[in-house]
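Chain A is fixed; fit chain B onto it per the hints.
So the protein sequences, as listed, match chains A and B. Take the first sequence: its letter number 390 is residue 390 in the numbering used here, and every next letter is one higher. Take the second sequence: its letter number 256 is residue 256 in the numbering used here, and every next letter is one higher.
Take these hints with a grain of salt, some might be off.
Because identical chains cannot be distinguished in the list, a pair is counted as satisfied if it fits within a single copy or across any two copies.
[Unchecked claim] Below, simulated DMTMM-like cross-link-like pairs (lysine to aspartate or glutamate); rule was C-alpha separation at most 20 Å, straight line:
1) Lys300 with Asp243
2) Lys250 with Glu289
3) Lys200 with Glu343
4) Lys228 with Glu377
5) Lys272 with Glu377
6) Lys228 with Glu251
7) Lys393 with Glu4
8) Lys335 with Asp325
9) Lys246 with Glu304
10) Lys228 with Asp147
11) Lys38 with Glu158
12) Lys292 with Glu304
13) Lys246 with Glu324
14) Lys225 with Asp243
15) Lys228 with Glu190
16) Lys292 with Glu318
17) Lys250 with Glu190
18) Lys246 with Asp5
19) Lys250 with Glu377
20) Lys38 with Glu251
21) Lys272 with Glu21
22) Lys250 with Glu296
Hints listed in this document are in silico derivations from the structure and should not be mistaken for laboratory results.
If you want the building blocks of each chain, they are given just below.
Protein chains: 2
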Amino acid sequence: MVNEDFLTMFHRLTSVGWSEENGVNRLALNEYDIQARKNLEDEMRAVKADIKQDDAGLIFGTLGSGNDNTAIGSHMDSVPNGGRFDGFYGVMSGMQLLKDLGSTLKNRKITAIDFTNEEGARFQPSLLGSGMSTGVFTKEFAYSRKDSDGITFEEALEKSGYMGEEQNRVKNQDITRYLELHIEQGPVLELENYQVGIPKGIVTMVVDNVSFTGESNQAGPTPMKVRKDALVAASRFTVAVRDMAKSSGKELTMTVGKINNFPNAYNVIPGKVTMNLDTRSPDKKTAEEYSKMAKEISEKIASEEGVPVDFKNQWTTETTIFDEDMRKEIIKSCKSLNLKYKELYSWPGHDAQYMNRVVPTAMIFIPSHNGRSHTREEYSSDQDLINGYSVLKRTVESL
Amino acid sequence: MVNEDFLTMFHRLTSVGWSEENGVNRLALNEYDIQARKNLEDEMRAVKADIKQDDAGLIFGTLGSGNDNTAIGSHMDSVPNGGRFDGFYGVMSGMQLLKDLGSTLKNRKITAIDFTNEEGARFQPSLLGSGMSTGVFTKEFAYSRKDSDGITFEEALEKSGYMGEEQNRVKNQDITRYLELHIEQGPVLELENYQVGIPKGIVTMVVDNVSFTGESNQAGPTPMKVRKDALVAASRFTVAVRDMAKSSGKELTMTVGKINNFPNAYNVIPGKVTMNLDTRSPDKKTAEEYSKMAKEISEKIASEEGVPVDFKNQWTTETTIFDEDMRKEIIKSCKSLNLKYKELYSWPGHDAQYMNRVVPTAMIFIPSHNGRSHTREEYSSDQDLINGYSVLKRTVESL
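Excised from the complex, chain A in its bound form:
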C-alpha cells in the first residue's frame, strides 16, 4: 500500500469503527482501536520503519538515523459516536511523512506516534497515554484508571496486546521536537476564511465532578413540597452554569456533558445524580475562578433543595504555550505555500500539551466544517486535509 496516496489511505483506515448511523466508536483499546493499531503497524512495516510500543500503549514508527528526531503524532481513539478526522488525521499525517520522506532522510530521523486514550472517553482523564509516556502521570495512577465496566487501563492494555516497554516511553527516547496536525474542532477558521490555524497554545481546562444526593422515592405519592429530587438540583445547576458562562463576557466555556441519574426509572424520584463540569479559558485564573463560582452555585442549590452536593476537582491543566521558533517555521511554510493562516488558541486539549513539557512542540490546524466535532457530522474537505499535510511536510523539511 506504499504507493497509495494520502487521502486514499486516510479514508480507508479511518473507516474502522465507523458506521453511517453511529459515527466512529473507536474507544481506546476497544476492538476497533486495536484493529486501527494493527493497520497502522502494517503501514509502518511496509516502509520498513522501526516499530516500538511503550508501557502506555503508544506506538512509535521511526525511519532515518542520527541525533535529530522529529516526532509527528496524534491519536486514533474516538469519543462514543465520534467523527472520522479528530486525531486520526494527525496519525495518518505522521505515517505519510514516513512514506514521503523516509527514503531521503540524511542525518535525521522521523518518528510517527499513535497516542493511547487521548479522548478520556473510556478512561479518565484524557491524554492518559501522552501523560504517562512523558512522565506527567505515574504508572500507578494511569494503570489504576477504570472504565465504566470497572476494567483498569492496565488490564485493557494487557488484553489488547499493546503493553510495551517502559524504555520506549517518549521521555526515554531521543525525540528532538514534536509536531501535531489536527482539525480545529471549532468554527473560527471556516467562519473567518482561513486555510490553516497555528495555535499559540492550549487553553486551561478544569474538570470537576459534581454529585447531588437526594432521596429516591415513588414518584406518585410523595408530595411535591417534601421531595429531595437530585435531578431537579442537577438541572438547576446545569442551567445556572450555562447562564453564568454565556453572560460572562469572558473567553470562557462551561459544559455539563456527562450526567448519570440513579435509579433512572420513570416512576421514581431521582436519588442521586453525578455530573462532570468542563470549564475552559486561555486564562487559567479565569477558568479556576469560574469553577469556584460553579461550586458556590452548587452549594446554594444543594441548600435550597435539601439535596447535599459533593463538588470535587478532577483535574486542572496549565495553559500551554507552544514553541515560538517552531511556530515561526510553520508561518514561513504557510507563506511559501500561499495559504492563509491565523494564530489562535486551541480550546480542546491535545497530546501536544504534554509533549510540550518534554520537547519543543507546535501544532497545525485545518478548518472543521461548521465547527462540528466529536460527532459523526465532523468534516474537513480533502483540500483542507492536503493543505494541512503540505504545511506539515514543508515545516518538517525546513526544520
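What follows is chain B alone, placed relative to chain A:
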C-alpha cells in the same frame, strides 16, 4: 414450610434479589423474579393448591370449590434498586390466606395471584401483566414491548418458562372479586398516625416522552452563544415542570424520573436528551391539563434554545374508583380489629386498577416508614405487616 408463620415466610422469600448495598433488583422475569416465582409455586404446592399460569406469565394458586372465588394478589417484580415490601407483601398475603383458610373453605374458593411486570421498570408500560390478563392490552401490544436490551416481553416470557395458557387469563376464570394488600408508598398514614389506609381509588397517571435534539459538538471550542445544548434544554424543562407542579396548589405530582443523555461524554456538548414525565392527580382533567402545559413549556424552551422538542403522550390512565361495598367491609374489619384507618387515594398505580375493570375490587394499605418506596430504605414494621394481613383475612372471611 406450611407451618412457618407469615412474617418468617415473607422475610425469607423477599430476600431473593436483595442486597444490603443495592436493595431489591427483581426486575420482571429476570433471574431473581424467576427464582421468586419458583419459591411461590413451591409454597402453593405445599398446600396442594391448583396452580395455573396464563399467557401473560401470571401465576394463580387456587384452593376450595364452588362459584364464589375471591382473588388476592399483587406482584413480585421490583424497580432497579427497589425495596423489600412493594408488591411482595400482597403476594405473600394471598399465599398466607391459602395456608390459613384453605382447609376450611366451604362452597367458596380463594385464588392467590402473582402479576407480571407490574412496575414497568423492565417493560413499559407498567401493569403489563394485569393489563393483558384483563383484556386492557392486546396480546400483540403486550408481546411487542421491549426492554432496554431489545428483548421483547414475549421472548422474556418464553425464556423464563412462565409462558402459560390464554384460557387461564383473569377474564377467562371465574373470579368473583379482587383484593390487594399493599404498602402505602407515601408518608400520609405514618404522619397522621393511622394503622390502615383504605383507598377510594387510584389517581390518574399521564406519562409523556420528551425528547430534545440539539447539536453535539466538542465542549471546548464551541462558543457559548452558538451552542444547541440538549441537556440545557432538558434541564430547564425539568426545573420548570417541578416549579409549576409545586406552586400549583392542586393535588398534583409531576416527576422527571428517567433521563438519557447522548453521547454522555464529559467533553461533548449533549446532542440528544430523552426523558419521561410522570403527571398524577385524583382529577383526570387536572393531570391532562398540566401535561398539556408541560408540553407548552417544552416548546417554549425548544424555541429559545434552538433545540427542537418531540413531546409524546405514552399513556394516560383513568381515575379508578374502587367497589364501595368492599370498602365498607374493610372499614368494618378495621373497626372490629380496633385499628385506626383513613380513606385516601392511591397515588401509585396497582394491578387492582385493571382488576377493577373486570371484577369488584378494593385495596388495603399499611404505613410506609418516612413514605420511602422504590428504594432499599423502603420499610414497614412487622406489626404493620400483621395488622394489614389481619384486616385482609377478616374481610375475606366476612365477604
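Against the structure, the hints:
no., hint, in the structure
1, Lys300 with Asp243, "both (16 Å within a copy, 17 Å between copies)"
2, Lys250 with Glu289, "within (12 Å within a copy, 42 Å between copies)"
3, Lys200 with Glu343, "within (6 Å within a copy, 72 Å between copies)"
4, Lys228 with Glu377, "between (39 Å within a copy, 15 Å between copies)"
5, Lys272 with Glu377, "between (33 Å within a copy, 14 Å between copies)"
6, Lys228 with Glu251, "between (36 Å within a copy, 18 Å between copies)"
7, Lys393 with Glu4, "within (17 Å within a copy, 83 Å between copies)"
8, Lys335 with Asp325, "within (15 Å within a copy, 93 Å between copies)"
9, Lys246 with Glu304, "between (24 Å within a copy, 14 Å between copies)"
10, Lys228 with Asp147, "neither (30 Å within a copy, 28 Å between copies)"
11, Lys38 with Glu158, "within (15 Å within a copy, 43 Å between copies)"
12, Lys292 with Glu304, "within (19 Å within a copy, 28 Å between copies)"
13, Lys246 with Glu324, "neither (32 Å within a copy, 59 Å between copies)"
14, Lys225 with Asp243, "between (26 Å within a copy, 10 Å between copies)"
15, Lys228 with Glu190, "between (46 Å within a copy, 19 Å between copies)"
16, Lys292 with Glu318, "within (16 Å within a copy, 49 Å between copies)"
17, Lys250 with Glu190, "neither (22 Å within a copy, 53 Å between copies)"
18, Lys246 with Asp5, "neither (44 Å within a copy, 64 Å between copies)"
19, Lys250 with Glu377, "neither (28 Å within a copy, 46 Å between copies)"
20, Lys38 with Glu251, "neither (41 Å within a copy, 63 Å between copies)"
21, Lys272 with Glu21, "between (32 Å within a copy, 14 Å between copies)"
22, Lys250 with Glu296, "within (19 Å within a copy, 33 Å between copies)"
In this structure, the hints that do not hold are numbers 10, 13, 17, 18, 19 and 20, in rising order.
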